[in-house]
Every structure is written in structure tokens, then in C-alpha cells.
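This note's numbering puts the sequence shown at residues 1 to 336.
Read the hints as simulated data drawn from the structure, not as lab findings.
Take the hints with a grain of salt, since some may be wrong.
[As the list claims (entries may be wrong)] Straight-line C-alpha distance at most 20 Å; calculated PhoX-like pairs for lysine-lysine:
hint : residue 1 : residue 2
1    : Lys318    : Lys167
2    : Lys107    : Lys155
3    : Lys167    : Lys107
4    : Lys290    : Lys155
5    : Lys272    : Lys60
6    : Lys167    : Lys269
7    : Lys52     : Lys167
8    : Lys135    : Lys107
9    : Lys107    : Lys130
10   : Lys60     : Lys130
11   : Lys91     : Lys107
12   : Lys27     : Lys45
13   : Lys144    : Lys155
14   : Lys130    : Lys222
15   : Lys264    : Lys318
16   : Lys194    : Lys234
17   : Lys91     : Lys155
18   : Lys27     : Lys52
19   : Lys222    : Lys135
20   : Lys264    : Lys290
[Said to hold, decoys possible] If you anchor each label on the Cβ, the simulated ranges turn out as follows:
hint : residue 1 : residue 2 : range
21   : His50     : Glu236    : 32 to 40 Å
22   : Lys318    : Asn294    : 26 to 34 Å
23   : Ser293    : Ser102    : 30 to 38 Å
24   : Asp165    : Ile48     : 19 to 27 Å
25   : Ser247    : Lys27     : 42 to 50 Å
26   : His50     : Lys222    : 19 to 27 Å
Idealized CB from N, CA, C, for every residue including glycine.
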Amino acid sequence: VLDYPFVFSSYPSLDLSSKILIQAAIKRGYAFDVLDEASNFITLKDPITHQKQLIMQATKTNLDGYASVLAMENKAVSKHILSNHSIRVPKGGVYTEIPDVSLYEDKSIVIKPNSTNFGEGISIFPDGTKANELKQAFEFAFSKDSTVLVEEFIKGREYRFLVIDQKVVGVLHRRAANVVGDGINSILELIAEKNTHPYRGKNYTTPLEVIEVDELVLSFLKLQGRTLNDIPSKGEVVSLRENSNISTGGESVDVTDETHQDYKDIAIKAAKAFGVSVSGIDIIIDDISKPASNDDYSVLELNFNPAIHIHTYPLVGKNRYPADILLNALFEKEVR
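With the hints as constraints, model all of the structure from the sequences given.
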């Protein structure tokens, strides 16, 4: 008997999203084959219609064209497409070399590579910063890409909308990696304790990733005047990273039912603007329960390979089942 439903004994290194898709396919009587476990390449086949689908990492499929995928990957291009469809995006500039950083001193901005995933290379300055930190942030971003974006910092919470076949299947609030003080243990000890949670693991084989203690964590703590040896007071929340990505230890909270329909419509409109069937759309929103206005949201980016496991097994909230919607799209698309 499994203590946790996301534990699969077969193919231990296959990512959890792929396993969830296979499990849903088996329930339909589909055959599956793991072509390459290391890269999460599988095939699914309907034995009745003989339809066969080649799939990588659960959501890389033949549903979307290559040009659309490249457009979603390129943040500068994405902003143009979204703006042309009257969808609000953060204002900013595009650079191929480090600009005069004094232009951005004491301004609330975000510096990020043009094409990156998992929050890599991103620096966030909600309260502004000085020239030396800006220079380091540009160097960090340019180490990940030859083109870098500077954008206005948008206040609000970040939400991930999973859109499949013009339907919002799930909405998540992603909380940045954090620990909650107990008045006894240090930040380092609290991280170690949090990493023992059965939802946490490595290489996307579990619903959440472990919190890695790296230079970015140390730097972010330093900005708060803290070190790993500090003992937070009971109930005190200590943020460990600027970004809220699940891949860097963030936490998933399902808010699908609390989300106003206006924002779901915006997410669907964004997916339609790119002509894609599957996308993970990241939107900053001031209050997700209220109707949308032109100044209370901003679409940050579209992701062409969104994880489905974070919606199926959120840390907090209702489980969603995007695998079923995805299978419908995959195996009905050919016969429409």
C-alpha cells in the first residue's frame, strides 16, 4: 500500500508529470512505451483507433507548432504578441550589452534573461537598488542569455494558469521557498526539516523540489540582514528566494475556484494569441478574486512545457486532473 499516490515503483527517474499522464492513459486502456527515461520521452497508443502520440515531459506534444514554441520561449517576442492583442505586460527595455546602470538606480525593476526557465538568471529589486548591485544583476542575466530584459516591478502575487485546449485547467499561487520559525531552530535547521516532507524530492519526480542552500539563498538572506544561523521567532516567515518557482523549492497552492473568471479569460486569450493548445501562463495579479481592470494585472510570460504534476498534487488546495484534459486533446485532435 502506497502512503502517497504520486509514488511509482516503475521508471524511478521518469518525471512525475509523465507518470501522471501514463497513469491516466492506462485507465483508458491505452498502451504506453517509455522510449528514453532520462529525457522523459514516451509514446501512448489507443488500441482501438490505433492513434499514437509521441510525447516528451508530458506537455511537449504535436499539438503546438515549433514557431509558437519558439515565440513563447522568447520573452521579448512574447511581449510584442501579447501587447498586440491588448493584453497588459510589464513596461521595459531589451539589451544586448550592459547599459548605463545609473538609468535604473533606485527604481523598482526586474532584470532577466530573454530566454530562460526555472527562474534562472533573474534579479528582482522591488525597492530599488544601487549601481554595483545592478551591474552584478546584468552580469548574472547575461551569463544565461545574450539578450536581457529590464522590466518594471509589478506589485501583486504571481499565479500560474494552466491552459489546455482553450480551458483553464488549474490556477496555482506559487509561494517562494521559505521557512517558518519555531523560536528554537536556526534557518538552516528549518530548511533541513522542511526538506524531509514526502512531497519534496529532486529532478521533478515528486510534487515539490527540495530547497537547495546556494549562493542565491545566502545573498537573499544577507539582503534581509540574516544568516543561516539566525533563529527566527515562532511563526515568523523567512523568505529564502526572490523567485517563486516550484523548481527552486517554492510551494504550490491551488486557487482555481477562487480565481475570477476575468483572469481565466485573459489566460485563454493569451494562449489564443500564440495559437497554442498547451501553455502555462504566469500572471501577476493584485486581487485574484475581483474583476480585472487594466492596472491590476500583468502577464509575465507563457511557458511551452508546463508541468502538470504541480496542479495534480498541490501542497495546499484541491487536486486537479489536467492529464485527462490533455489526453482528450491529444487523441481527439486527429479525428476532429
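Status of the hints after comparison with the structure:
1. With a CA separation close to 17 Å, the supplied pair Lys318 and Lys167 stays within the 20 Å bound.
2. Restraint check: the Cα-Cα separation between Lys107 and Lys155 comes to about 13 Å, which is no more than 20 Å; the hinted pair holds.
3. Taking the CA atoms of Lys167 and Lys107, the gap is about 37 Å. The hint is violated against a cut of 20 Å.
4. Distance hint between Lys290 and Lys155 is fulfilled; the C-alpha atoms sit about 16 Å from each other, no more than 20 Å.
5. Taking the CA atoms of Lys272 and Lys60, the gap is about 18 Å. The hint holds against a cut of 20 Å.
6. As the CA atoms of Lys167 and Lys269 are separated by approximately 10 Å, the hinted pair is consistent with the 20 Å bound.
7. Only pairs whose Cα atoms come within 20 Å are accepted, and Lys52 paired with Lys167 is rejected, the gap being roughly 23 Å.
8. For the hint linking Lys135 to Lys107, the alpha-carbon distance of about 14 Å falls within 20 Å, and the restraint holds.
9. Restraint check: the Cα-Cα separation between Lys107 and Lys130 comes to about 9 Å, which is no more than 20 Å; the hinted pair holds.
10. A C-alpha spacing of about 41 Å is found between Lys60 and Lys130, which places the hinted pair above 20 Å, so the restraint is violated.
11. A distance of roughly 13 Å separates the Cα atoms of Lys91 and Lys107; the hinted pair therefore holds under the 20 Å criterion.
12. Using a Cα cut-off of 20 Å, the hinted pair Lys27 and Lys45 holds, with the two alpha carbons roughly 13 Å apart.
13. Distance check on the hinted pair: Lys144 and Lys155 sit about 25 Å apart at the alpha-carbon level, beyond 20 Å; violated.
14. Taking the CA atoms of Lys130 and Lys222, the gap is near 15 Å; set against the 20 Å cutoff, the hint holds.
15. Of the supplied pair hints, the one linking Lys264 and Lys318 holds, its CA atoms being roughly 17 Å apart against a limit of 20 Å.
16. About 15 Å separates the Cα atoms of Lys194 and Lys234, which keeps this hinted pair within 20 Å; it holds.
17. For the proposed pair Lys91 and Lys155, the alpha carbon gap of about 13 Å is at most 20 Å, so the pair holds.
18. Distance hint between Lys27 and Lys52 is fulfilled; the C-alpha atoms sit about 16 Å from each other, no more than 20 Å.
19. Restraint check for Lys222 and Lys135: the C-alpha separation of about 18 Å stays at or below 20 Å, so the hint holds.
20. As the CA atoms of Lys264 and Lys290 are separated by approximately 12 Å, the hinted pair is consistent with the 20 Å bound.
21. Take His50 and Glu236: their Cβ atoms lie about 59 Å apart, and the range 32 to 40 Å is violated.
22. Take Lys318 and Asn294: their Cβ atoms lie about 30 Å apart, and the range 26 to 34 Å holds.
23. Checked against the hint of 30 to 38 Å, the C-beta distance between Ser293 and Ser102 comes to roughly 34 Å, which is consistent with it.
24. Our hint of 19 to 27 Å for Asp165 and Ile48 holds, since their Cβ atoms are close to 21 Å apart.
25. The supplied range of 42 to 50 Å is broken by Ser247 and Lys27, whose beta-carbon atoms lie about 28 Å from each other.
26. Range check, His50 to Lys222: Cβ separation about 59 Å, and the 19 to 27 Å hint is violated.
This entry does not satisfy hints 3, 7, 10, 13, 21, 25 and 26, going by the numbered hints stated previously.
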